[in-house]
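Engineer: Read off the chains here:
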Amino acid sequence: MLGSSLLPALGLLQARAGEKGQSVAPVVLPAQVGQWNMEGQEESYGSDTLFDYMDGAAELYLAYNFRSMKVARYSKGEGPRIVLELYQMGSSEDAFGIFSFEREDQEAGVGQGSEMGGGILRFWKGRYFASIYGEADGLEPAIVEVGKALASRIQEVGKPPELMAVLPDASQGLEPASVRFFRNHVCLNQRFFIANKNILQLGPDTGGLLAKLSGPWGKVHLVVVRYPSQERAAAAEASFRSAYMPEAGQQSKVRTEDGRWTGTSRRGDIWIGVFGAKSQEELGRVLEMVLGRLGKA
Amino acid sequence: MSSVVTRRDFLRTGGQVGLGLALGGGGMALGGPAQAGARVVLVRDKEVLDPEGRIHKRVLASMLDEGVKALLDLQDASEAWARLIQPRDVVGIKSNVWHYLPTPRELEEAILARLRDLGVSQGRTSVDDRGVRSNPVFQKATALLNVRPLRTHFWAGIGGCIKNYIMFVPNPSAYHPDGCADLGAIWGEPMVRGKTRLNVLCALTPQFWGRGPHFFDRRYVWPYCGLILSQDPVAADAVGARLLALKRTQFFGEDRPLDVTPHHIEVADRTHGLGVSELSRIKLLRVGWMEGSLI
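So the sequences go chain by chain: Z and D. Per this note's numbering, residue 772 is the first one in the first sequence, and the count goes up by one each step. Per this note's numbering, residue 524 is the first one in the second sequence, and the count goes up by one each step.
In isolation and in its complexed conformation, chain D is listed as follows (with noise of 0.2 Å):
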């Protein structure tokens, strides 16, 4: 048993038990240069929810364009998204319908609204979760857009960019070894390969602790009324992440780690090439209302 990790290598280094990476800590390029790294948006608006939780469309629509700006360092949103996609892009929506925090509709529309401003017809475009594999359009796509809530995951540590595209396989069970570690190799699959323009983490209301059958407790959402945008899938899903591991401690008074720990975002990176998992190698650029932004 050469390759046995204990307790005791934890103790020895002083490291957190059980935690095989270091998305619960480090530091992060705030603002300044990510050698060979990747570019993070955080972008918030305090006015996008109401008292009530409802979403004000306009106001997330305003964040989706101020995060696509920042993102490429353009000052004109339209000629931001132009950069994204093409009018000949037949482009899928990679959603997420699970019944407790789903991709926001209004944040789909949103998106849906660019598309159609690029000239984008509407017979070539599609939004979808696990019908992905069946859909005519995602078939035949020229480009996703990943656009999925923020939250803790059983089985992968968190539900994130990375593995929103799980529905892309058709054995989806076939990735849960070993806390779901494998997903980066999902975006090599020929339906997904090179194909994905944008990562939408969606923070209006994350969630940063789980439990029961659904893993969904109404105690461990809050509003953070933020959206997180990165081109690398696995550079949103760090921050996000951190985030989520920061507003644990926050909340419990400690750094309560995860059941699994999300170490599938390190094994994307560094097996599977798919992006920077390495905070001090991201540059997160911070866009609008940043009180109690954690990070």
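Chain Z extracted, bound-state conformation (with noise of 0.2 Å):
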């Protein structure tokens, strides 16, 4: 069995740290985790190389303020690996966000949100995102003990998208697994398409939550952004209604082609769509539920 008899921490001085523009002290990896021990030295990259390490997702993690990785191998001397990443993200806000983005799998009880499967147990802290997998099938409860370990090593906390206030509850229709928080186009449109061009003006300084809602209205997306300005805000709705709606004129409401109802709203610096209800009056209901929790952003 696994305990966590790490090795004496070599100094847990990770500030409490705040967030943006905040320094960091760094986490030390755990040299040794039950009867798995770290091979050799720990990598490290920043984003000028971590194409080097990933294949593919480098994108992705830098869509969301990527900072920098290690990595570690651990081995019990011979058999399978289990492979650690840690990622610093620019806030806790990225490090959720690059979470949630695939997250697919069942909660696995480590860190502020995480999942396991696939041999792939992905969690957030702080403004860290973690990635530890092994290398054969099996090794699922040695992943999670590493897993467990890194995290008591992260003494930051962080908050999760500020944002998430203004979400129903489950009771009111969320389906919490399908929320997904974005700063980029590129990053909403893969889960769900709204334009290929950037017709509500995102960037690394917009912030956004994707989510799904069911109930009498059906099954509906809900895209809530927030802008850094009131002005940006605004010329965000002008540029979707002009790209999306043209048609609607001043109502903020439309019938798409497949019969649904898509409807748009906003409050100072916040955008809120919903897509795919039912009826106008359902949109109308959704569009009610969500400015009714605006106060709480």
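Keep in mind that the hints were calculated from the coordinates and are not lab data. Certain hints may be false.
To be verified - Keeping only pairs whose Cα atoms sit at most 16 Å apart, straight-line, the calculated EDC-like set for lysine to aspartate or glutamate is:
hint : chain 1 : residue 1 : chain 2 : residue 2
1    : D       : K580      : D       : D651
2    : D       : K663      : D       : D651
3    : Z       : K968      : D       : D701
4    : Z       : K968      : D       : D532
5    : Z       : K841      : Z       : E814
6    : Z       : K841      : Z       : E813
What the hints assert, rightly or not - Examples of chain D residues toward chain Z, derived with CB under 8 Å:
hint : residue
7    : V527
8    : P736
9    : F738
10   : R779
Built from N, CA and C at the ideal position, the CB exists for glycine as well.
Assemble the dimeric complex from its two separately framed chains, guided by the hints.
Structural biologist: Now the structure itself:
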């Protein structure tokens, strides 16, 4: 059985870091977890070398303000290894974002949010995102122990996006596992295609949530975006209306080609879009439900 | 924003939202004539993998020979290989070293054995991936053999024959915009232009879905026991993409679209003239075991 017999902490120096712009002391990776020992030295990568380490997904991490990462491999002397990857992102929102983007499995009880599936443990804590996987099947219990050991060394506790507060709760139809945090239209499109151009004027300084809601209105997609200013939000709103619902005029809703309804609203720096409601009335209900929660964000 | 394509455009046409090309559907010229099209061979043998997933070298080498014979419509494997490679050629075998699903060493060795049989000396052959630009054999290569596994790819939709040449350019990330749409342009680079004699998509254990930092998840590979061969990299990839799409539908019970569509295949055809992407213009020749072939 794996215990938490980690080598003495080599200085758990992590600051209780704040968010963007504040420095954070590096997390010291465990040298040993139970019978699993780190092989050699850990590797480090930055944004300029990330492509050297991963083929394909580096762009995704850069989209979530990737800062740096460490890789360590653990073995019991022989046999398959466990590979630990720890990513420092720009903020806890980004760490949550990269976690949420690919979430599809059951919660594993590690860090501030996690999942385990296909031999891969993914979790986020503070501004860190971790991915830990085994080189063979059957290592899941050990992988979770390594994950817990790592999570215990991350002193920082982060906040999920404040915008989460505007989402209805599960009793109101929210599918919690469907919630994704995104920063740019490429990531949004990969989960819910809106347009090939950036008609919502998203960028590194915006943050948005995508979620599915089920209820009397059918199954709708909710998109909520917070902009740095009211002006930016207003410009994005105008851009969206022009490109997506030009026939709507001053209306904020339109019946789309599938017979369902799409509508938008804006309050200050927050833009809301609801896609796929069964009727005008149900569209209005969903929008009102979200608008009613805006003060909580 | 006159060129904006929105979700509504797909709703209007009843198409799959976000999927810009027909690789996920449409018919293939299954054994029938493909007009001004391309030939692709699917060869499968269930004995190529043992229950533990280990590769039987001899079976794999035989599959390769059968595939080349069918592709060139010849009865003799030696004659077929001789149509592809001459003894005087300098041959670069562009492999793929991706840790999770590399080009199998057994496949590389089978090709090298065939080159030796043809009389190509050892010093005139090389297998490489990330070092091709500085590899002396590749620098003076007169012929290239393009050999890589078939898999989904986070940023390009699929990793196939077209994408396998990205290491021939000094700045691979320059080809990342728009889902790696312009990968086909790489094939016009002097180091590779006109040199590719054969493309082999290794579909022994293809990967049809991905997730995580490395976009690899063991749940989403399966023992397909196949090779896809073509002299047209676009056609090979189009067939490969179709196979992965069908497997996703079978596995998930729905047509689950990729995060990024493999539209670089269609762009390679229509913009770069590299080959044929329309499945209806591809003649697919099947060889060997076809149970569960999906295509």
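Engineer: Could you run down the list of hints and mark each one as holding or not?
Structural biologist: Against the structure, the hints:
Distance hint between K580/D and D651/D is unfulfilled; the C-alpha atoms sit about 20 Å from each other, more than 16 Å. A threshold of 16 Å between alpha carbons decides the hint, and for K663/D with D651/D the separation of about 14 Å falls inside it, so the pair holds. Taking the CA atoms of K968/Z and D701/D, the gap is about 11 Å. The hint holds against a cut of 16 Å. Simply put, K968/Z and D532/D have alpha-carbon atoms about 13 Å apart, close enough for the 16 Å limit, and the pair holds.
Only pairs whose Cα atoms come within 16 Å are accepted, and K841/Z paired with E814/Z is accepted, the gap being roughly 5 Å. For the given pair, K841/Z sits about 6 Å from E813/Z by alpha-carbon distance, which is consistent with the 16 Å threshold. With a cut of 8 Å, the hint placing V527/D at the interface with chain Z holds, because the nearest CB-to-CB distance is about 5 Å. Hint on P736/D holds. Least Cβ distance to chain Z is approximately 5 Å, under the 8 Å limit.
The interface hint given for F738/D is met, as the beta carbon of that residue sits about 5 Å from the closest beta carbon of chain Z, less than 8 Å. Hint status for R779/D relative to chain Z: violated, with the closest Cβ pair at about 11 Å, above 8 Å.
Violation of the numbered hints given earlier is confined to hints 1 and 10; the remaining hints are satisfied by the structure.
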